[in-house]
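Number of protein chains: 2
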Amino acid sequence: MRAGRPILQYVDRPGVLDLGWGHPHPSLLPTDAWAAAMSAALGTYGWQALTYGYEAGPGPLREWIAGHLATTDGGGEPDEIFVTAGASHALTLVCATLARPGDVVLVDSPTYHLAFGILWDQGVEVIAASVDDGGLDPHALDEQIAALRRRGRRVPLLYIVPTFGNPTGHSLPDDRRRELVAVAHRADLTIVEDDTYRDMVYDGAAPPSLWRLGDGEAVVRIGSFAKTVAPGLRLGWIQASPDLIGRLARLGYVHSGGGVNHTAALTMAAFGASGAYREHLNAVRREYAIRRDTLLATLRRLPVRLDVPSPAGGWFVWLPLPAGRPAANVLVTAEEHGVSFMPGSTFHVDGADDDHIRLSFSLLAPAELEEAAQRLGIALAETL
Amino acid sequence: MRAGRPILQYVDRPGVLDLGWGHPHPSLLPTDAWAAAMSAALGTYGWQALTYGYEAGPGPLREWIAGHLATTDGGGEPDEIFVTAGASHALTLVCATLARPGDVVLVDSPTYHLAFGILWDQGVEVIAASVDDGGLDPHALDEQIAALRRRGRRVPLLYIVPTFGNPTGHSLPDDRRRELVAVAHRADLTIVEDDTYRDMVYDGAAPPSLWRLGDGEAVVRIGSFAKTVAPGLRLGWIQASPDLIGRLARLGYVHSGGGVNHTAALTMAAFGASGAYREHLNAVRREYAIRRDTLLATLRRLPVRLDVPSPAGGWFVWLPLPAGRPAANVLVTAEEHGVSFMPGSTFHVDGADDDHIRLSFSLLAPAELEEAAQRLGIALAETL
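Chains as they are written, first to last, in the numbering used here: chain A, 106 to 489; chain B, 106 to 489.
Where hints are given, some of them may not hold.
Said to hold, decoys possible - If we take Cβ atoms under 7 Å as the criterion, some of the chain B residues that face chain A in the derived model are:
id, residue
1, P131
2, T197
3, L338
Don't read these hints as lab results, they were simulated from the structure. Here a beta-carbon is modelled for each residue, glycine too, at the ideal position from N, C-alpha and C.
All chains should be modelled from the sequences, with the hints used to inform the complete structure.
What follows is the structure in structure tokens.
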């Protein structure tokens with residue numbers, strides 16, 4: 106049944122334990138529960154699950170998302186929700202709607218590297234926002250925007266993953282969140298808050314979203330079911346003012362298609378309403394926490410001295426390398442020892458940063474993570 | 106379980122038999138068969154059905170589509186296929202890739218009205234191509250393109266639904282197909298052939314596609330499972346040169362998402378492989394043919410004399426109105442009598458055409474179509 110042409114994006118490299126992929130472990134995908142949700146959706150909604158859907162997304166899912174956000178981040182209104190075909194599609198739509206070719210879109214640095222291509226495809230220039238060791242620096246950002254505008258540039262958007270971010274696993278501190286939202290208000294900037302990892306929290310509670318701090322002004326939030334349920338569904342959402350939701354719903358292709366992923370959206374509504382989401386999320390959170398702990402513990406036991414961070418959520422460890430061991434060199438040695446990762450430069454739009462590497466603990470099993478970290482330790486010791 | 110907010114695009118208007126909607130009849134959507142296909146896909150592919158997919162679409166569906174096209178239109182190669190989230194999404198991607206803001210995109214006239222908004226969203230100018238009573242006129246088109254280019258305009262694309270087209274149900278005659286492809290070759294124009302209705306054929310065989318006549322040059326073909334299976338799936342395809350398929354697969358958001366609708370695509374592969382597609386298509390073709398025949402027969406029995414066409418496929422009847430009865434006036438009277446339709450002007454980008462109306466026979470049951478046509482007959486008789 107396996108066909109000649111690829112089914113998946115993932116490319117298996119025999120002998121290599123690859124910490125580079127931000128993909129879920131196969132055992133943590135809800136195959137049985139999703140089949141049950143599809144049956145439930147077709148049972149509950151019948152033909153309505155298969156025909157042209159409401160443009161902003163079917164009511165039951167918009168209402169479930171709003172209700173779920175009330176339990177994780179202080180609430181949301183269904184009329185603020187637009188159902189998308191994933192967070193990357195959400196970013197495409199927001200950029201196409203709020204920016205014009207030639208505009209500057211600022212991005213956190215480091216940040217989700219595949220956002221760069223999404224933004225470039227819209228014809229905008231992508232520039233790293235001002236950051237320091239604590240992450241995005243709101244005051245420096247304020248000056249950066251002013252300087253760009255003095256040079257005649259339009260700067261409508263800033264993209265950031267402030268909570269358990271990719272690639273760092275860090276969250277922007279609360280005081281900077283408040284300052285950032287205030288700067289956005291003052292500077293007439295829209296923050297695109299990629300909140301993909303909010304539910305993937307292992308220690309304590311996730312910080313308040315920028316959306317919540319902004320009271321629905323100056324922030325557009327995007328979310329995804331790719332990490333919490335399954336990436337193949339292509340299902341995510343935008344939370345924004347009802348005015349922007351209306352503009353998105355009137356896009357030609359959204360109107361023509363009756364929403365962008367109607368059947369999957371109603372299936373997700375059934376998956377949520379049955380309690381399967383809560384149950385699955387609890388299970389995968391437990392498993393990803395075990396994987397994180399295994400990777401961190403093994404890294405800390407390595408002979409080579411590392412400053413290992415402790416991400417409280419997400420899928421990634423952003424590892425500072427020991428002095429004198431640039432990521433590009435470590436990668437070569439690591440591959441010789443059967444382990445791989447993403448060098449830090451990948452996550453900077455200007456390509457700078459040879460001091461960090463991103464290790465993903467989502468795709469490998471705990472025993473593989475332990476072995477991968479040990480191989481990395483050997484590679485680090487051998488790298489000149 | 107029915108929530109307060111809308112689930113569907115369709116708006117029910119009690120007392121009105123609405124021939125305006127190009128939506129499928131609820132009984133003709135494969136609710137049970139789709140649930141079975143989802144179970145089969147999750148059984149066959151397991152977790153692979155839920156994770157990040159191959160960017161151009163999963164191999165099994167690309168191979169099934171190519172094989173299916175071999176039975177309906179002389180073949181296709183899997184490497185020519187890119188899986189999309191519907192035909193409207195396909196048009197969005199093709200226009201975004203092959204046209205630039207400010208370009209002219211020519212469209213057949215009349216044509217699928219929601220294509221206008223899709224194209225406008227890409228910042229292009231949409232202009233009606235030269236047509237006569239036989240449809241698109243290749244020789245006049247040739248001159249039209251030359252005239253536009255003499256005025257400094259870029260004209261990269263022409264959009265057309267040449268087979269059982271929306272709204273006319275007509276197909277472009279074979280000689281014009283060949284001439285059109287020759288003009289495109291000569292003028293370095295890419296024809297976007299919307300082949301959504303090819304499988305929805307009731308009499309004889311569908312004409313050869315422009316894609317086939319062009320030998321893979323000068324034509325990009327787009328297709329959809331919205332009419333043959335279900336619109337809510339958001340599943341379609343692009344057939345193009347492997348070079349263009351590669352460009353589409355490298356789009357930022359396609360790469361980020363692992364294709365644009367992976368789980369639905371593998372479910373469709375299972376739906377195809379099991380024979381469910383063939384079985385369902387045969388059933389709905391039979392049913393839509395009965396609906397077409399009912400509508401046509403009733404229209405021909407009306408006291409008012411009408412020049413009723415005989416579409417050999419598709420979902421629409423493009424009805425010329427008797428002289429002196431403009432569509433806008435007929436619509437007002439029709440609504441008073443509990444029947445509605447789409448006026449012909451909707452399908453022209455310049456809004457001209459008060460002489461035709463589009464009647465869709467897809468959404469209503471045969472008895473409703475009979476009643477709707479009778480009400481229309483009364484309205485026509487009463488319209489001044």
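**OP:** Hints the structure violates: just list their numbers, smallest first.
**Re:** The structure conflicts with no hint, since it agrees with every one listed earlier.
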